[in-house]
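Visitor: Residues per chain are reported as follows:
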Amino acid sequence: MAGLLEVRNLSTHFSTKEGLIRAVEDVSFDLDAGETLGLVGESGCGKSVSAMSLMRLIPNPPGKIVNGEIVFEGRDLLKLGDEEIRHIRGNRMAMIFQEPMTSFNPVMTIGRQVAEPLEIHRNMTRNKAWTICADLLRRVRIPEAGKRLQSYPHQFSGGMRQRAMIAMALACTPRLIIADEPTTALDVTIQAQLLELMKQLTRDAGTALILITHNLGIVARYADRVNVMYAGRIVEKATVRALYADPRHPYTVGLMASIPRLDQDVKRKLRPIPGQPPDLLHPPSGCAFHPRCRNRIPVCEIHRPALEKASDGHEVACWNPVREAPPCC
Amino acid sequence: MTMDEETVSSDIRQAGDSEKEPAPPEFETGRREPRRSLRTGIRPILYAILHHKTACMGILIILLLTVMALFAPWLAPHDPNEQDLYHVLESPSRRHLLGTDDVGRDLLSRVLFGARVSLFVGLSSTVFSALIGIFIGLVAGYKGGAIDMLTMRITDTFMCIPGLIFLLVLAAALGPGVHNIIIAIAALGWTGFARITRGQVLSLRQLPFVEAAHAAGASGWRIMFRHLLPNAMAPIIVAASITVGGAIMLESAAAFLGLGVQPPTPSWGEALRVGYSYLEIVPLFSIVPGLMITLAVLAFNFLGDGLRDALDPRLRGEAQKIV
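These protein sequence lines are chains X and U, in that order. Each residue of the first sequence is one higher than the one before, starting from 1 at the first, in our numbering. Each residue of the second sequence is one higher than the one before, starting from 1001 at the first, in our numbering.
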């Protein structure tokens, strides 16, 4: 089946005064319609830059997509003109941002902002967009939706704003929604509600979802497939089931060992990954993870491993992948 | 001032009452509400201004001047251009409350009519300056890079030109008259607006909501005018108010030099110039127009001051608590 989105060898670099930062390097992945893909990794590993690259929202300068293809609905987004890409943003592909508190214009009502994609892409009049917006707010379970359209962002709570943001993303029924850490700024109970809502709404509409997060729990529950990123590269790709049952990359194993689990002896200590995330200005030679890796072998310092098939639908970039069941399970 | 307070508090009471009403069907509220939401946005600002003593004074004086300008034909006891050569340079009398000028025209009438020129020039030149400056500032701040560089250097260049000398040159080139004065003031006044707008845009465009608007597919113009400009309005409004005062001052200076409104149209600056020669005979002839200019400039500066305090939510804490 032809995928909705095919990313091939995407590289996004930033030139700074100190030097070139390869924020995203040689990233490839596919996404089918209606599928949910999790993108996991620590802060600064290139998750958000990948997402912004998909939307072509990388500020240039300093950033630049230097290489690759992003084929979305059969068209290479990197070859489109500014006007054409604008018609895809918010229309075929929408984004949900990390900070619901600041992602709304403080001087515009929620209604006008939720209506904005409709006004831009569907040439709708204010009145017509208004009724659709009331309906959208109802779908994201905002009580008294029609009345709430008149509210300003500061009159909404964080959870409500994120709901409104989801409504705005859904306005033009896009084929793909990119959610960049959509629940990081919210408290845990709201997180679960919102993710559940997002999952349900995208399933109903057949919309694909890229869920960017550093929370493995969220990925386990809501994603179909997972890409684990480290220092700008994908180090492991698998279905959720395979990744949790049989993680291969030492980094993935390390991530899993560093979160507490309910079904485990509470006295067992968490094992954090030693060391610091790599400095992308001076990335380590060979495999970027080798300075922190438990399974390091001499070749890791010299050559970078490529993604290789470990089992069906499971790829890992490691010279010495973890083979036994990880100690955490 | 007490009256103003009363209107505000009754306003609040009304708004509070209407919220308790059972909500009408949703679509209807959708249509009816825009006015109310506008008021929720403006009400605390209005409240803050009405509690700012100098701002109230400014507003009062501006209202007074506006009434003078609008209703001059009805308020003036005489035709401002009617000469009476038997009664020149008279001191105040019952017939001429402020006396007469050098050709026997009623000074009070001329001062009343003079408000028209000053306000017209002050407001219209500010509007033109603001339009030009806001546009240039928006584009420079939003586009950045070479465009920003170029426009800001042009702005700097214009800022270097001394206002009065430019006024003289332009009047010499285009001839004296109100319209040329407005052009001259606007041609120099836009720089302040451009700088303020650009500064605002530079800090605003970093904010996530601008990125969110990009992600929604908004075009550059849409982002500039619908997202950035409304957020940048507060300091622009403050600057506009103070610019009006400055423009009135410049207009009077031009008229004082004989470059502004041409006689016999009454103008404060022109009256000041003529009256200046008779300072020892009839002091009121120059003192009254001078006082009017001072009052007008002060009033707009007061208003600007009050607006600055009112539009800055950090200085508005007290007022907001009550609302």
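Since the hints were derived computationally from the structure, they do not count as laboratory data. Backbone N, C-alpha and C define an ideal beta-carbon position, used for all residues, glycine too. There could be a bad hint or two in this list.
To be verified - Chain U is nowhere near these chain X residues, computed Cβ spacing over 12 Å in every case: (1) 55; (2) 61; (3) 97; (4) 101.
Claimed, not checked - Far from chain U, by Cβ distances over 10 Å, these chain X residues were calculated: (5) 8; (6) 11; (7) 34; (8) 35; (9) 104; (10) 106; (11) 107; (12) 204.
Unchecked claim - According to the in silico footprint, chain X covers these stretches of chain U (three or more CB under 8 Å from chain X): (13) 1201-1209; (14) 1293-1304.
Visitor: Decide, hint by hint, whether the structure agrees.
Guide: Going down the list of hints, with the structure as the test:
{"no.": "1", "hint": "55", "verdict": "violated, 6 Å"}
{"no.": "2", "hint": "61", "verdict": "violated, 8 Å"}
{"no.": "3", "hint": "97", "verdict": "violated, 6 Å"}
{"no.": "4", "hint": "101", "verdict": "violated, 9 Å"}
{"no.": "5", "hint": "8", "verdict": "holds, 23 Å"}
{"no.": "6", "hint": "11", "verdict": "holds, 22 Å"}
{"no.": "7", "hint": "34", "verdict": "holds, 21 Å"}
{"no.": "8", "hint": "35", "verdict": "holds, 21 Å"}
{"no.": "9", "hint": "104", "verdict": "violated, 6 Å"}
{"no.": "10", "hint": "106", "verdict": "violated, 7 Å"}
{"no.": "11", "hint": "107", "verdict": "violated, 5 Å"}
{"no.": "12", "hint": "204", "verdict": "holds, 21 Å"}
{"no.": "13", "hint": "1201-1209", "verdict": "holds (count 3)"}
{"no.": "14", "hint": "1293-1304", "verdict": "violated (count 0)"}
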